[in-house]
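S.K.: Counting in the UniProt record's numbering, the sequence shown runs from 1 upward without gaps.
Certain hints may be false.
Distance windows between CB atoms, simulated [what the hints assert, rightly or not]:
(1) Ala110 - Tyr37: 17 to 25 Å
(2) His114 - Gln78: 14 to 22 Å
(3) Ala41 - Gln115: 35 to 43 Å
(4) His96 - Glu46: 32 to 40 Å
(5) Asn94 - Asp28: 18 to 26 Å
(6) Gly50 - His75: 14 to 22 Å
(7) Thr88 - Ala128: 14 to 22 Å
(8) Thr88 - Thr38: 24 to 32 Å
(9) Glu25 - Pro95: 15 to 23 Å
(10) Gln115 - Asn22: 32 to 40 Å
(11) Gln115 - Asp28: 34 to 42 Å
For lysine to any residue, the following SDA-like pairs were computed, each having C-alpha atoms within a straight-line distance of at most 20 Å [what the hints assert, rightly or not]:
(12) Lys24 - Ala41
(13) Lys24 - Gln35
(14) Lys116 - Ala128
(15) Lys116 - Asn71
(16) Lys24 - Gly82
(17) Lys24 - Gln34
(18) Lys116 - Thr98
None of these hints come from the bench; they were simulated from the model. It should be emphasised that the depicted structure is a prediction, and the values quoted were computed from it without experimental measurement. Each residue gets a CB set at the ideal place from its N, CA and C atoms; glycine is no exception.
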Amino acid sequence: MSLTNHQDRTSAKVNSNHQDLNLKETLDINRYIQQAYTCFAQGDIEGAMGNFQNAIALYPHCVQVYTERANFRLHQLQDLTGALEDYTQAIYINPHNTLCYFWRSQTYLALGNHQKAIEDHNTAMSLAPEGTIYHFFDQSNYKS
1 MSLTNHQDRT
11 SAKVNSNHQD
21 LNLKETLDIN
31 RYIQQAYTCF
41 AQGDIEGAMG
51 NFQNAIALYP
61 HCVQVYTERA
71 NFRLHQLQDL
81 TGALEDYTQA
91 IYINPHNTLC
101 YFWRSQTYLA
111 LGNHQKAIED
121 HNTAMSLAPE
131 GTIYHFFDQS
141 NYKS
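Let the sequences and hints guide you as you build the complete structure.
M.R.: Rendered as structure tokens:
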């Protein structure tokens, strides 16, 4: 076997293991999120938040966990401040995530911080490709 052939096979194996790890992480994260919503449906808010916290402890650099918890806090608990913190952390991890800027702009708007809402809306617009849904939202909603 040539060195190049060996390197190609080794590289393929490393990439395969990386993909398996990503699949495992995705399955773990989705399991925690599912358990969180199951706990919430049973009236166990502490259990729900505990599942999100466990996912964050295992995958602290995963944008999905923070955005899911932010959405949960916003829509299920009406915890605007907590949602804002989670969206901000998700943006810190991935500053190119258009959706997080958009969701955070909506949260700022609900909190009455129109300037921050406009800033995040504009950032989302600058990151989003032309013709996507973000370009159809009317910025006049952000005026006080």
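S.K.: Now tell me, hint by hint, if it's right for this structure.
M.R.: To see whether the hints hold, each was checked on the structure:
1. Distance hint check: the CB atoms of Ala110 and Tyr37 are about 22 Å apart, consistent with the given range 17 to 25 Å.
2. The hinted window of 14 to 22 Å between His114 and Gln78 holds, with their beta carbons roughly 20 Å apart.
3. Under the hint 35 to 43 Å, the C-beta atoms of Ala41 and Gln115, about 37 Å apart, fit the expected range.
4. Between His96 and Glu46, the C-beta spacing of about 34 Å keeps the proposed range 32 to 40 Å intact.
5. The hinted window of 18 to 26 Å between Asn94 and Asp28 holds, with their beta carbons roughly 19 Å apart.
6. Gly50 and His75 have their C-beta atoms about 19 Å apart, which keeps the hinted 14 to 22 Å range intact.
7. At roughly 19 Å, the beta carbons of Thr88 and Ala128 sit within the given window of 14 to 22 Å.
8. For the pair Thr88 and Thr38, the supplied restraint of 24 to 32 Å holds, since their beta-carbon distance comes to about 27 Å.
9. Here the CB-CB span from Glu25 to Pro95 is close to 21 Å, well matched to the stated 15 to 23 Å.
10. For the pair Gln115 and Asn22, the supplied restraint of 32 to 40 Å holds, since their beta-carbon distance comes to about 38 Å.
11. Between Gln115 and Asp28 the C-beta distance comes to about 38 Å, which sits within the given range of 34 to 42 Å.
12. The hinted pair formed by Lys24 and Ala41 fails the criterion: a straight-line CA distance of about 26 Å is larger than 20 Å.
13. For a cut-off of 20 Å, the pair hint linking Lys24 to Gln35 stands: about 16 Å separates their Cα positions.
14. Proposed proximity of Lys116 and Ala128 is supported: the alpha carbons are some 18 Å apart, at most 20 Å.
15. For the suggested pair Lys116 and Asn71, the alpha carbons sit about 19 Å apart, so the restraint of at most 20 Å is met.
16. Between Lys24 and Gly82, the direct Cα distance comes to roughly 28 Å. Violation of the 20 Å bound is thereby established for this hinted pair.
17. The straight-line distance between the Cα atoms of Lys24 and Gln34 is roughly 15 Å, inside the 20 Å bound, and the hint therefore holds.
18. With a CA separation close to 15 Å, the supplied pair Lys116 and Thr98 stays within the 20 Å bound.
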